[in-house]
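Chain by chain, the residues run as shown.
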Amino acid sequence: MAYNERVVDHYENPRNVGSLDKSDEGVGTGLVGAPACGDVMKLQIQVSPDGIIEDAKFKTFGCGSAIASSSLVTEWVKGKTLDEAIEIKNTHIAEHLALPPVKIHCSVLAEDAIKAAVADYRAKHVGVSGDANAEHAETVDAAE
Amino acid sequence: MVENVTGANINLPIYLDYQATTPLDPRVLEVMMPYLTDNFGNPHSRSHSFGWEAEEGVEKAREQVASLIGANPKEIVFTSGATESNNLAIKGVGEFYKDRRNHIITVVTEHKCVLDTCRHLEQEGFRITYLPVQKNGLLDLDKLREAISDETVLVSVMAVNNEIGVIQPIAEIGAICREHGAFFHTDAAQAVGKIPLDVNEMNIDLMSISGHKLYGPKGIGVLYVRRKPRVRLKAMINGGGQERGMRSGTLAPMLCVGIGEACAIAQKDMGSDNERIRSLSNRLAKGLEDTLPDIFLNGDAEQRYPGNINYSFAFVEGESLMMGIKDLAVSSGSACTSSSLEPSYVLRAIGVEEDLAHTSLRIGIGRFTTEAEIDYSVATLKAHVSKLREMSPLWEMAQEGIDIKSIEWSDH
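Respectively, the protein sequence lines represent chains A and B.
First residue of the first sequence? That's 3 in my numbering, and the numbers climb one at a time after it.
First residue of the second sequence? That's 17 in my numbering, and the numbers climb one at a time after it.
It is worth saying that the hints were derived from the structure and are not from the lab.
Just so we're clear, the structure is a prediction, and the values are computed from it rather than from any experiment.
A couple of the hints might just be wrong.
What the hints assert, rightly or not - With the C-beta cut set under 8 Å, the calculated list includes, among others, these residues of chain B facing chain A:
| hint | residue |
| --- | --- |
| 1 | T307 |
| 2 | E333 |
| 3 | M339 |
| 4 | I341 |
| 5 | E370 |
| 6 | H374 |
| 7 | P409 |
| 8 | L410 |
| 9 | S422 |
| 10 | W425 |
To be verified - Pairs of lysine-lysine, BS3-like flavour, derived with a Cα cap of 25 Å:
| hint | chain 1 | residue 1 | chain 2 | residue 2 |
| --- | --- | --- | --- | --- |
| 11 | B | K90 | A | K24 |
| 12 | B | K244 | B | K90 |
| 13 | A | K117 | B | K421 |
| 14 | B | K398 | B | K302 |
| 15 | A | K24 | A | K117 |
| 16 | B | K284 | B | K76 |
| 17 | A | K24 | A | K82 |
| 18 | B | K342 | B | K302 |
| 19 | B | K403 | A | K24 |
| 20 | B | K128 | B | K234 |
| 21 | A | K24 | A | K59 |
| 22 | A | K59 | B | K403 |
| 23 | B | K76 | B | K342 |
| 24 | A | K91 | A | K117 |
| 25 | B | K421 | A | K59 |
For glycine and all other residues, C-beta sits at the position ideal for the given N, C-alpha and C.
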């Protein structure tokens with residue numbers, strides 16, 4: 003199978019690989035996927051007190067398209083507000099990376115990872131800011 | 017051409033997929049060439065020298081194939097490949113004897129062309145038993161003894177598995193079949209020319225062989241069909257009655273002489289080939305196991321063909337690994353390489369858990385693999401497995417002592 007050059011670029015030079023301290027109050031962690039399905043993504047966001055995503059890190063177990071999707075979204079979420087970040091749709095990711103139909107689930111997982119990270123951050127700050135009504139994405143937290 | 021650390025030159029990419037196909041041995045090509053040019057005759061033409069020469073080549077090839085497996089040349093039927101041989105053996109015997117016996121036994125880790133043929137017969141009203149294998153990939157003979165009866169017409173068990181390389185206990189299976197009056201067919205596409213096989217010592221009644229898995233040409237195979245006691249089968253291709261009526265159609269002499277010569281070379285070189293391949297296989301295994309933790313060999317460690325090595329590299333997904341090691345032509349047991357998202361059915365049948373099945377690679381070593389290529393491959397695999405583990409959330413959890421099985425993963 004031939005890969006799109008953007009997928010190859012993200013695979014060979016992944017952006018923002020790593021971990022943030024998941025117990026930090028300013029960090030939201032999303033862990034989505036399952037080992038049995040061949041894809042697990044961990045996406046972490048560092049959020050400033052005024053609600054801007056300042057930094058993002060990822061680790062992914064999965065095919066090249068899954069690695070590229072998660073690497074890409076770490077770039078896209080930086081500088082966005084939480085509300086802006088959860089507006090990122092899998093279709094944008096799939097289109098940017100020219101994913102074939104069998105790889106669309108990788109972009110879905112990346113979208114889920116953003117929502118899970120935002121939901122985790124918001125759960126840590128319920129009642130603190132105006133974010134009490136944060137939606138709760140279906141997710142699994144590695145810490146639990 | 018690149019130079020490795022020892023100064024040896026190697027050509028990239030390195031071919032490590034000998035189970036998918038083998039390169040044509042130059043000695044085989046040399047024997048084939050005249051049949052593509054001057055000796056173009058139809059081997060079934062009886063009235064002139066063009067036909068006689070072609071026939072002579074075909075009959076010599078028949079002897080060469082027969083000699084490798086301890087058969088009589090009259091028991092060799094040329095086909096288009098192992099898929100056709102397997103179809104002809106199973107459907108041919110099944111159809112011929114169906115009024116007397118209609119039960120067939122096979123194994124869940126067989127090649128798709130055996131399993132699919134059995135499914136087809138199942139729809140035609142045959143009773144098929146698909147025996148499980150043990151965790152090491154080998155058939156439990158007691159399971160066969162329980163399943164076989166005087167209803168059983170055929171038992172079909174492969175000699176060497178194409179995905180994990182384990183060698184089934186062929187002689188023991190043959191003895192059990194003989195005791196119960198059932199015919200024994202073995203798909204030996206991955207075994208002929210690689211391990212010693214003797215149809216009489218092992219009580220094999222039908223055997224499928226593939227040309228391109230033993231350094232011969234693609235497009236030709238053989239079905240060995242025993243004459244004493246006689247195995248009869250219903251032909252699938254009707255026509256001029258070639259191949260003793262079991263497989264009509266004009267033979268392709270260049271392909272026949274090709275598989276014949278490939279068998280002759282295999283017979284002559286099997287000992288030295290195997291010694292080299294075993295040593296390269298050990299070198300690869302040692303190189304990987306000494307430095308990479310959490311890698312697991314799939315299939316029995318002893319009862320195996322050493323040129324087929326299947327490893328699970330825990331916490332690293334197989335397709336992403338293959339994308340990294342693009343200089344190494346290997347095959348993955350991971351789902352993502354095919355259009356389905358299921359991991360290999362062979363790995364699942366031997367109880368490899370789904371998460372580990374997604375991390376497996378099959379590395380094939382053969383006649384033309386060199387030591388320098390193995391060293392380069394080990395270094396490449398080490399570098400990329402380590403890099404991908406640094407990127408793997410599962411590896412991170414394992415290092416923190418978190419059991420990934422204790423986590424409630426989402427379904428998707």
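query = Looking back at the hints listed earlier, which ones does the structure fail to meet?
reply = Per hint list: 1, 4, 9, 11, 23 violated.
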